[in-house]
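Asks: Chain A is already provided as a structure; the job is to place chain B with the ligands on it using the hints.
Chain by chain, the residues run as shown.
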Amino acid sequence: MIRITLRSLRADALRLLLSSLAIVLGVAFVAGTLMVTDSMKAGAYARAGTFDRHTDVGVYADEQPLPPALVDRVRAVDGVAAAEGELTGSAGVVGSDGRPVLGYAVLAAIPTDPALRSYDVTAGRLPDRPGEVVLDAPTAEEEGFALGAPVLVGGVSGAARPYTLVGTVDVAGTSRDVGGPFIGLVGADALAVTGEQGYGRIMVAAAPGTSREALAERLSGVAGPGTTVWTRQQILDAAVDDAVRDLEQFGLVLLTFAGVAMVVAGFVIANTFAIVLAQRTRRTALLRLIGATRGQVFRAALLEAALLGLAASVLGVLAGAGLAAGMAAVLSALDVPVPIGPTLSGPTVLLCLLLGTGITVAAAYLPAWQGTRVAPAAALTDSSVQVTRGAGRARLTTGAVVSAAGVAALGFAATVGQIVLVAVGGVLTFFGIVLYGPVLVPALVRLFGAPVRRLLGATAALAVANAVRNPRRVSATATALVIGIGLVSAFVVGAGSVKVGIERSVDARIGVDYLVTGIGGGLPATLAGELAARPELGVVHEHRSRVADGVEIRSAHPELVGRSLSGVVAGDVDDLRSGTVLAHRELAEARGWAVGSPVVLAGRTFRVAAVVTAGEPSPAPARVPAGHLVDVVDADFAALFPTERGYLAEVEPADGVSAARARAAVETVVARHPTVNLMDQAAYKKMLTGTVDMLLAFVTALLGLAVVIALVGVANTLSLSVVERTRENGVLRAVGLTRGRMRAMLAVEAVLTAMVGAVLGVALGIGVSAGAMAFVAKISGDFTLVLPWGRLAGIFSVAVLAALAASVLPARRALARPVVEALGVE
Amino acid sequence: MSLAPPPVRTGVAVAARGLRKEYGHGTARVVALDGVDVGFAAGAFHAVMGPSGSGKSTLLHCLAGLDSPTAGTVRIGDTDTARLDDRRLTLLRRDRIGFVFQKFNLLPALTAEENIVLPLAIANRRPEATWLRQVVAAVGLADRLGHRPGELSGGQQQRVALARALVTRPEVIFADEPTGNLDSRSGAEVLRLLREAVDTLGQTVVMVTHDPVAAAYADRVVFLADGRPVRELTAPTAERVLDTLAGLDRTAEQDGSRVAATDARRGR
Ligand SMILES: Nc1ncnc2c1ncn2[C@@H]1O[C@H](COP(=O)(O)OP(=O)(O)OP(=O)(O)O)[C@@H](O)[C@H]1O
Ligand SMILES: [Mg+2]
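Note that the protein sequences, when read in sequence, are chains A and B. Oh and the first sequence: position 730 is 730 in the UniProt record's numbering, straight run, nothing missing. Oh and the second sequence: position 193 is 193 in the UniProt record's numbering, straight run, nothing missing.
Bound-form chain A, shown alone (with noise of 0.2 Å):
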């Protein structure tokens, strides 16, 4: 049998070649993400102790910061040979060009003393003394700062100062590489810079002869409550784990996507079965006749299907080395560090050719079950190529239940509030779409069908003949497609939506001409008051909120704050002053404050100037319960919590001065905080949006992956009917239909299981995100179902377009016999 088994496979290698592509896409999908993240890891393994390598004990910050005056009392403890307090955060470099360089910067303050001292220096020296800088070697090379010269660095704390380049560092690839410039300064700078009141961690160096743990243990009793001390290995340990925890978050990320390729795949491979298994019943039956069992069947087309799955797995193993490059590259390109050379590990290997093969066999065991049941009678007719039956009365009946179940759980998952529901209606909606497929499909192709009969006559009414004949297996084609076409365009509407409703809440909230906003972190402390300083500007409001005793404490602006309320229940807003707040209804009812009431807030007293309603609970996540919010005059909430720093300020002209002459007076102030970025509306938009769009941008291009394995199937259903439809086609061609309109007829078939695909697929998508999105509407009006026509249309072309090439070689593999020879074919 295993003899026979190989025969066959070998005849049919040709056949399952273009779906075994499916398999090796996946697989090599699998295989490249593994390998990505296995070379990362490993990079972060090897740089996971790069700023520790004389570090013998560290004391960390629990909650507040350590102050300068404990790494004294460290340095003094018995067998310390060296203390230094580190602390890291976000600081911003002024160009040369006089703009801040781009990208998330990181401040590190650098020990001064050479035991601590853990920095691969490329350039100059690290600095010794308050006023010098290192900057990491490829901001200093792009910027042309030379050693000596003065760099402009700048933080929350303040305007940006000039320090000395003293040297460049190599950071690559480590922690403090994040894509923007790394800034190392002594640690009295870094503390001014950040406006920090300490330090995050104290970093020791033992004295010789001094036991890590006991000197550990000493270094407890002196830093007290409130740190944490740990030895060497415990910080690199900690190291290692951080690391590698984001890189198997995203490894896991890249793993979903390849699943759904994989299952994409799977599909692909079932109907692959299904249809040679068919068109190789009257071989099946004669092996049936001749005395072999129906289990030696089965088990020879599992057998089959493993080899099949084997090599399939191994070439995409192969090539998943090759994708695993392709990813690197683009990950470089998008700033995301990644060590050259990924490797190819022995767990990898095992793990996608188990993958590869299981879910091969898995694919093919409903298949290779029903094509092998078949009466060795059939041996004697020709089955195969004659019109199939449908679906039974069972399986659309469950088709029906299981849609309905799926309608109803998107439907109500908004009333019921659990988005979980929303996944899970979306994934009942799909395997409804499954099992009434042979239903649907078939109309859908005939209703798509009907318009192009009457463009292109004839050739598209045999196309359509030929597309419905076997109900199962167009199908289980289109629904591939649906997998893939369904996930993108969930993500498009849903990130449509999501972008007009983020425009929408900048509309409504934000009313000025000109936004202030932190890159990477909080305001400069001194940045609003230089803002309301200049004569050019009028209204300068710096957003901040904090909660005390359970109420969200926000500043305001009297003159802006109208656009976030929905309505007054008694006073004036107008009364909102210096003294006074606007408390919200709930929190009002809740304490019993009226109009006039003194209230006190984090122990100062207030009088209620008005009892509002917001115009809807913000977006963010609640810390205090809905409407539990009071407003302040910025001077107030100043005055509360002076270190509490905002990430947007809203800036105005002050009356009778030009938009020019404003935007030229808040630039004046900017450029001299490179932590800041100075907007108008429509940027702010725009780069609350561009996120959005890059995450898209990011999901669309890992599924579609799937997409492509599913546009496979496409071809590969074609082809495989193409070569059971020789005898046909060679009739049609003696009775007439030139070459042209022969790929004509095999384009328009593909094109219209594809369109079926897509259509169903987008309808899924847009159900899904219709779901998710009344999900979302109940937490935040902005944000309703918006349909992105353009988008949805650039899929469906694309699906179209592809499948348009997916005709393209079966079509060949038609034309390729003559005509007497295709007659001639049994």
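The set of hints was computed from the structure by calculation and includes no laboratory data. The beta carbon of each residue, even a glycine, is placed where N, CA and C say it ideally should be. None of the hints are false.
Quick look at which bits of chain A chain B covers, simulated, 3 or more residues with Cβ under 8 Å:
| # | segment |
| --- | --- |
| 1 | 447 to 461 |
| 2 | 722 to 733 |
| 3 | 736 to 743 |
Replies: Chain B with the ligands in isolation, oriented as in the chain A frame:
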């Protein structure tokens, strides 16, 4: 069968001149047709007979523009098929030639009616309703039009194929063993229809067959042997056809024994 009066068709419908067809190269070379000169008069029923492997199918394929000869010319009416590219040749088949093969003539996904009008549909032509009705009635399929080939008997399928060949009113119908797969009753039915198409419609039919009874329906029989026309009968009867075939076999046997004898002499 009360069909329209026969259109007047005269002259030669199909003619081959110096037709050669070779398969393979070198030692594997087979000469299937070895310089065939033959003409088929319009408005007549021609049968082609000969031993298995004598080149009957090959001749038919070359005449019908399904295969291209190695040398020689084929004329359908006034058209030299060698001068046509694949596209024109296909259109010629579509518009001017009808086919009936031994089996698997039909598209399984189409109904009988759709199969019948297929050449017209491909040509984007609307079937003439009265003509279609006549053809369908003639082949006796009026109540089977909505069925797919899988639901029809072999004889019915052949009649569908015949209707398809007739519906375009081609200049010539080529049939390769159209009754080869049928029992004698269904076969007789198909042959009677071919005969009537010639008599009442003035169709030209060229039919390959192994069956002397079938050949007797024809006006003329051309005998092939070793890729060459060797004999002809007009107004044949089954007995005369049998006799002629037996004569051919005898010649072949004599050839064979002569070769064997030569070999034996050489061996000595
Ligand atoms: N595609 C081909 N390749 C090689 N040789 C071929 C091919 N087709 C036919 N032949 C050879 O050409 C010769 C004539 O074949 P053809 O099919 O025309 O015979 P036939 O008279 O129709 O026989 P039959 O009565 O068995 O159908 C035979 O010797 C055959 O082996
Ligand atoms: Mg033959």
